[in-house]
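Asks: Spelled out, the chains give:
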Amino acid sequence: MSTASIPATPPPAGSSLDEFSDKLSPMLVKELRQGLRAKTFVILFLALQALLGVVLLSAVGITSGSGDSGPSVSRVIFFFFAFAALVAQPLRGIGALHNEIKGQTIDLMVLTRLGAWRIVLGKWVAIVSQTSLLLVTIAPYLILRYFFGRMNLFAELNLLALIFLGSAVFTAITVGISAIPSILIRGLLPLGGAILIGSGIIEMTSGRDFEYLIKACALKETGSGWGLLAFVGAGVYFGWFALALGASMIAPMAENHSTVRRLFALLAMGFVGLVAHFAGFQIEETCLLLILFGTPAVIIALTEPFQLLPPICRPFLKFGTVGKVAGRFLYPGWPSGVLFTGLLIAVAGLVLYLLPDRRPAYGFHSNHHEMQVLVFSGLGMLILSALIVRLFVKKERNTFGVYLLSVVSLVAVAVAVTLIANETTDDSFLWWLAWIPTVQAPLMDWLPKAHWNELKATGLDPSSQPVNYTPLITTGIVTVSIYYAALLVFALRKFPAIRAVENEVPTPPADQP
Amino acid sequence: MSTAPAIRVNNLYRYFGQLKAVNGISFEIPHGSVCGFVGANGAGKTTTMRILASLDYPTMGVAEICGINVVHHPEEVRRLIGWMPDHFGNYEHMTVVEYLDFYARAFGYSGKERKTRVQEVMEFTDLVPLADRFSNKLSKGMTQRLCLGRSLLHDPQVLIMDEPAAGLDPKARVELKHLIRVLAQEGKTIFISSHILSELGEMCDSLLFVNGGRIVHHGDSESLKLGTDSNGGMLYDVQIIGDPQAVSDWCVVNPHVEFVESRKQGGRIRIETSEPERAAEILARMVKDGLKVVEFHKEQRNLEDAFIDMLGRIDRGEGAIPTDTKPEQPAFTPPDLPN
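So the sequences go chain by chain: A and B.
Per the working numbering, the first sequence starts with residue 1, numbered consecutively.
Per the working numbering, the second sequence starts with residue 514, numbered consecutively.
Simulated from the structure, these hints should not be mistaken for laboratory data.
Only a predicted model underlies this, so the values are computations on that prediction, with no experimental measurement involved.
Hints may be right or wrong, so weigh each one.
As the list claims (entries may be wrong) - Derived pair list, reagent style DSS-like, types lysine-lysine, alpha-carbon separation capped at 25 Å:
no. : chain 1 : residue 1 : chain 2 : residue 2
1   : A       : 102       : B       : 625
2   : B       : 533       : A       : 23
3   : B       : 533       : A       : 494
4   : B       : 625       : A       : 23
5   : B       : 650       : A       : 102
6   : A       : 395       : A       : 494
7   : B       : 777       : B       : 801
8   : B       : 533       : A       : 395
9   : A       : 394       : B       : 533
10  : B       : 650       : A       : 39
11  : A       : 456       : A       : 394
12  : B       : 811       : B       : 801
This is chain B alone, in the form it adopts within the complex:
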């Protein structure tokens, strides 16, 4: 295996006319890790992924898979990657086994090797019972498994998955998550985009947040969950005996505390600072004021909160959370695309 990272992107730009779909992003993903790619619709996720899959080309910048430039050597890159798009059509009059058989042939397998490989992939993705079903009659979950199977046929080192969980029911989502976990254990590098952040947090070693074509965060999910909000505050879960309304009433008359949302036995409050002394002080004051507190603990933010908070911070012009990677070159304005 080469010493180069599995995926390396440096100062990547992709413009569509005036639209800056990707606006100078840089990141690296080491071999064998699972990286989640998060962003709102139109943030530039699919464009970046398509460039990495050699299906699109950058206006400027470098994109490499295992040290191979996707623009200069697309054929080599295609042998290394498995691509799972967010949407694709299935063929009429073609069964699941025929579908995989076709792609196995297209990847260069023949004879017994082809049959063995198709069987292996069908077993892995649990498609054996569906082998003779027409591929266009499958449910969304089955279709995604079929697509994953197809992308695994040539044993790629890097899997690029664009919204693989979109439109899946909870059961299919759990199945897909399981498959991704197994693949990660086998050492495959997985670059996955999704809107379901909680699931990404469970699966991924690192998360890349992209907004407006720029990376706004690159790090693990725990650092995001434990971090303070954009104003430096912390969330706490407070549960009391008695009327839960008492918590919100208490917050109204006390400074430095804000009531966020009510819960069955109390509510979620925000303390303006992350200092533990201040939290202890507030807890003591609550007890002193007669609230029968039975639970008071720091609450981790979920990833959705962190993401929304981060976007809010950017909207207010306060800058993003610093990323883990630093671009090798300063950002620059690329020239107009030839048209």
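Next up, chain A with everything else stripped away, as it sits in the complex:
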């Protein structure tokens, strides 16, 4: 046992960076040290090399450079790399944050200068770096594959880059959701996703699909550039969003991650509007993109625990009344999340309103109505689930799980109702269940049938009159409005608590900015 006293060497304000590793985030250094020694990575790395080596050597032996086996070799390389990058590597993120939470090491880290965001980012970058190591090590096989002939260099490199981007996005998602306490969400969701992606890889790398894929990656078709931009944009958005979710779940309560996330979601709505405008998207496509970008933001805003502390309010209060109003939309927690949801919907509506109607002349008018029904049905589902959570859940930590369970239950009800409706002759009972937002979707299918039967019974030609979707759309608007109003009541009841926290913020002395 040492008897020496410990000299005090306080942390330097800004010291020289003597080593290369000093230029990297401490979290990345730690994760790489651990990750590169992990058996899963070592086995994956060696197995990939061994498999590709064996396959290529076999190909060399069989074809002796005949020039026809190139695409097959590509297929094998892409199959193994895609499997490693899109399935195996992202799955390593499942335990990333959970292990830290379980081991109570998150507390130790947040007490250092590492913020929650840097912790999550370090975890993600470390896995992506290891994926990039896999990418680099398959380069010799790609060079070798070049000599087998019939190589579309640009397309194959493009595909490789897209697989890498996909891997980074999926890894971000698994790392982000690894902070969720429920094993069902944290474990089963990525596993289900991995099975789907795995099947997709098998499908795409077998048969003629691979040739179509390579053709698409050549970006020679009209609009493929916009498609690529949308893919990259969506990838960046979802990846960032998942990481931000993870960061907010491990962050100390005095750290605010919600405001930036919500602002980013609002900006994304604008980004979609701009892309839709310049790329000439139809309104249905734009609407789909808005839903895709807005849904994660809405779900998280409506389920966030309400834990507001004075340090979070302080930056808002600097702007006086404007800051207070902004805080009602952007403070962390579900009460402000309810107002934010309303704002997001309004912004999305504005984007759709401002876009020129580019529906083709041959138009599918019913599509437009169907889209409206589906939008209100989906929106109603999201808001009703939040209302169910507020009505029945007392413990804050369970809200996200219960919310997802509620969404799944509402979808299950819709499926059950559809099955029953298919088995009965009189399915007008669907109207009695129209207050359930998800049932409005099967009702949409039922309306043309009812319309046809009604007009046929009166001896009129059913095709002479359009199907009247107005009652269904009105039902959708009314149900969404009622559920939102009820949720708003719950949220407004928490606003005095927000005010109380704001009042706790000490007023800075007059000489301080």
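Starting from the structure of chain A, add chain B where the hints point.
Replies: What follows is chain B alone, placed relative to chain A:
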């Protein structure tokens, strides 16, 4: 150094739903002192410590480290404190030196300064021989030393240690006690919770007893040991020549004396009052009745006795021993937490 106490807690509340984990506690710990935090499981020790470490937040009240509010300025507070939790996991595939290196980087050290600091801390905590051992393969005692080393890396002014001796073998406990003593000599303020009260008594300048989320005693250990029991009685050790059973037999027939426990050559007795005259009278009566008394002395209560006695007193609704500190504001009922 600021004139504010190292730790100041005033009317602190922390509710988890209906559970009142911390229920209006107030205390102050001056700079450079070692304060033991004692209480049964669920008494609110860890919650209070987590609030002080800025890892949790109070429902109401004030908690300050060196005059800095932990809720309003958590970043500043984190630079001042070293936190040693009761339990934490270690990393796989990471050696002791890499573990400390990571935290040194996280605290902002780089280059040579980082290496020097890690070396200093390893030497202080005697971890140099274990430098290349994987951190998840360490014994509990080694792990605690590693955790202490980690919490010292940024040279904190205040160390908050939650049950650091839990699960340690006697040797590791002695080592830890030694390290804490050295740190105290260097002027660090140490706020430490433990179940092993005798050790706390040796190490600490003051003791805080907490029960049901409330402080029931704040003072030094000597005042507790020398104090009377809850009924005003005093314990005495009596040793005689001959059959030790004679002491208990004698107590049965004599008023104002109670036999507490037998010992090898006599027993421990309780005299109903703390007046020394009464003790002298009883000793004289024993001798007169033919007991060959060779030893008769007042016995200090150990801290466990004092603590149990205090809890018994509270259970009987007789109130606690008055604390040294007085809350600045009257206790109040905080509103419901927002949820």
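Asks: Compare the structure with each hint and give your call.
Replies: A quick look at each hint next to the structure:
no. : hint             : result
1   : 102(A) to 625(B) : 33 Å, violated
2   : 533(B) to 23(A)  : 46 Å, violated
3   : 533(B) to 494(A) : 22 Å, holds
4   : 625(B) to 23(A)  : 14 Å, holds
5   : 650(B) to 102(A) : 18 Å, holds
6   : 395(A) to 494(A) : 16 Å, holds
7   : 777(B) to 801(B) : 22 Å, holds
8   : 533(B) to 395(A) : 16 Å, holds
9   : 394(A) to 533(B) : 17 Å, holds
10  : 650(B) to 39(A)  : 17 Å, holds
11  : 456(A) to 394(A) : 53 Å, violated
12  : 811(B) to 801(B) : 20 Å, holds
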